[in-house]
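Please model the complete structure; the sequences and the hints are all you need to start from.
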Amino acid sequence: DTEVTQTPKHLVMGMTNKKSLKCEQHMGHRAMYWYKQKAKKPPELMFVYSYEKLSINESVPSRFSPECPNSSLLNLHLHALQPEDSALYLCASSQPNEKLFFGSGTQLSVL
Amino acid sequence: RKEVEQDPGPFNVPEGATVAFNCTYSNSASQSFFWYRQDCRKEPKLLMSVYSSGNEDGRFTAQLNRASQYISLLIRDSKLSDSATYLCAVNFDSGYSTLTFGKGTMLLVSP
Numbered sequence: 001d002t003e004v005t006q007t008p009k010h011l012v013m014g015m016t017n018k019k020s021l022k023c024e025q026h027m028g029h030r031a032m033y034w035y036k037q038k039a040k041k042p043p044e045l046m047f048v049y050s051y052e053k054l055s056i057n058e059s060v061p062s063r064f065s066p067e068c069p070n071s072s073l074l075n076l077h078l079h080a081l082q083p084e085d086s087a088l089y090l091c092a093s094s095q096p097n098e099k100l101f102f103g104s105g106t107q108l109s110v111l
Numbered sequence: 001r002k003e004v005e006q007d008p009g010p011f012n013v014p015e016g017a018t019v020a021f022n023c024t025y026s027n028s029a030s031q032s033f034f035w036y037r038q039d040c041r042k043e044p045k046l047l048m049s050v051y052s053s054g055n056e057d058g059r060f061t062a063q064l065n066r067a068s069q070y071i072s073l074l075i076r077d078s079k080l081s082d083s084a085t086y087l088c089a090v091n092f093d094s095g096y097s098t099l100t101f102g103k104g105t106m107l108l109v110s111p
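For the protein sequence lines, the chains are R and A, in the order given.
First residue of the first sequence? That's 1 in this note's numbering, and the numbers climb one at a time after it.
First residue of the second sequence? That's 1 in this note's numbering, and the numbers climb one at a time after it.
Everything labelled a hint here was simulated from the structure, so no lab data went into it.
All residues carry an ideal CB built from backbone N, CA and C; glycine is no exception.
Possibly wrong hints are sitting among the right ones.
Within a straight-line C-alpha distance of at most 27 angstroms, the following computed DSS-like cross-link-like pairs (lysine-lysine) qualify [said to hold, decoys possible]: (1) Lys45/A to Lys9/R; (2) Lys9/R to Lys42/A; (3) Lys2/A to Lys40/R; (4) Lys53/R to Lys2/A; (5) Lys41/R to Lys2/A; (6) Lys42/A to Lys38/R; (7) Lys9/R to Lys103/A; (8) Lys42/A to Lys40/R; (9) Lys42/A to Lys22/R; (10) Lys40/R to Lys22/R; (11) Lys45/A to Lys41/R; (12) Lys79/A to Lys99/R; (13) Lys22/R to Lys79/A; (14) Lys42/A to Lys41/R; (15) Lys45/A to Lys38/R; (16) Lys45/A to Lys99/R.
Now the stretches of chain A that chain R is said to cover, found in silico as 3 or more residues with beta-carbon under 8 angstroms [what the hints assert, rightly or not]: (17) 31 to 39; (18) 43 to 57; (19) 102 to 108.
Rendered as structure tokens:
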């Protein structure tokens, strides 16, 4: 049902790997977000892109690198992650200051 | 300070019961308010926005009390399919939908 599409749905990676999470929306939203959610915890904001520019970085470690190639796409590049980075990574989009719609998430496991 | 507090539950109710959840928030300048529903290992899905005048969507009623800084969700005639975690979310910023989520309240509806 979601109009925010995330790939892959599941990802297992080693601590030396480089991988990317991808997100796409076709609702014409001008703001896109990355949230991280650990088990039994609420989603926590990582990054906000507004009009394709990085607007908010919630002090996220540099091993997470966001990229917004265009208004419909949002990537999250991962490098040298730690096991504690294992979580559900949620992409979301909205018009500025309006309802937030989430993708189905990428369940990431770092070994 | 951006804090959103919820009773984690679980709330165990029989089918047909009425159940209410409350959520308090720390910042009186908060801009907008929402209830999300999250099933296990799934993304949060928007249930409803919350307005000062109160709003209703079928069996669900949401209320906002700005003076006391809390929002509520009332579910009437509970169904088995209502079993989920209910997250309240508050947007403390204008211009972006940077939601701060409560930890969620788990609802278990039994036959």
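Status of each hint after checking the structure:
The hinted pair formed by Lys45/A and Lys9/R meets the criterion: a straight-line CA distance of about 17 angstroms does not exceed 27 angstroms. Proximity of Lys9/R to Lys42/A is assessed by CA-CA distance (about 11 angstroms); at most 27 angstroms being required, the pair is judged to hold. Taken as a hint, the Lys2/A and Lys40/R pair is honoured in the structure, with Cα atoms around 20 angstroms apart against an allowance of 27 angstroms. A distance of roughly 24 angstroms separates the Cα atoms of Lys53/R and Lys2/A; the hinted pair therefore holds under the 27 angstroms criterion.
The suggested pairing of Lys41/R with Lys2/A holds, with an alpha-carbon distance near 16 angstroms, which does not exceed 27 angstroms. Between Lys42/A and Lys38/R the alpha-carbon distance is near 12 angstroms, which keeps this suggested pair within the 27 angstroms criterion. Of the supplied pair hints, the one linking Lys9/R and Lys103/A holds, its CA atoms being roughly 23 angstroms apart against a limit of 27 angstroms. A distance of roughly 12 angstroms separates the Cα atoms of Lys42/A and Lys40/R; the hinted pair therefore holds under the 27 angstroms criterion.
For a cut-off of 27 angstroms, the pair hint linking Lys42/A to Lys22/R stands: about 17 angstroms separates their Cα positions. Between Lys40/R and Lys22/R the alpha-carbon distance is near 24 angstroms, which keeps this suggested pair within the 27 angstroms criterion. Taking the CA atoms of Lys45/A and Lys41/R, the gap is about 16 angstroms. The hint holds against a cut of 27 angstroms. The suggested pairing of Lys79/A with Lys99/R holds, with an alpha-carbon distance near 26 angstroms, which does not exceed 27 angstroms.
A C-alpha spacing of about 35 angstroms is found between Lys22/R and Lys79/A, which places the hinted pair above 27 angstroms, so the restraint is violated. About 13 angstroms separates the Cα atoms of Lys42/A and Lys41/R, which keeps this hinted pair within 27 angstroms; it holds. A C-alpha spacing of about 17 angstroms is found between Lys45/A and Lys38/R, which places the hinted pair at or below 27 angstroms, so the restraint holds. Proposed proximity of Lys45/A and Lys99/R is supported: the alpha carbons are some 11 angstroms apart, at most 27 angstroms.
Counting residues of the segment 31 to 39 of chain A whose beta carbon lies closer than 8 angstroms to any beta carbon of chain R gives 3, which meets the minimum of three for the stated coverage. For the segment 43 to 57 of chain A, the assignment as covered by chain R holds, since 5 residues bring a beta-carbon within under 8 angstroms of that chain's beta-carbons and 3 suffice. Counting residues of the segment 102 to 108 of chain A whose C-beta sits closer than 8 angstroms to any C-beta of chain R gives 3, which meets the bar of three, so the coverage hint holds.
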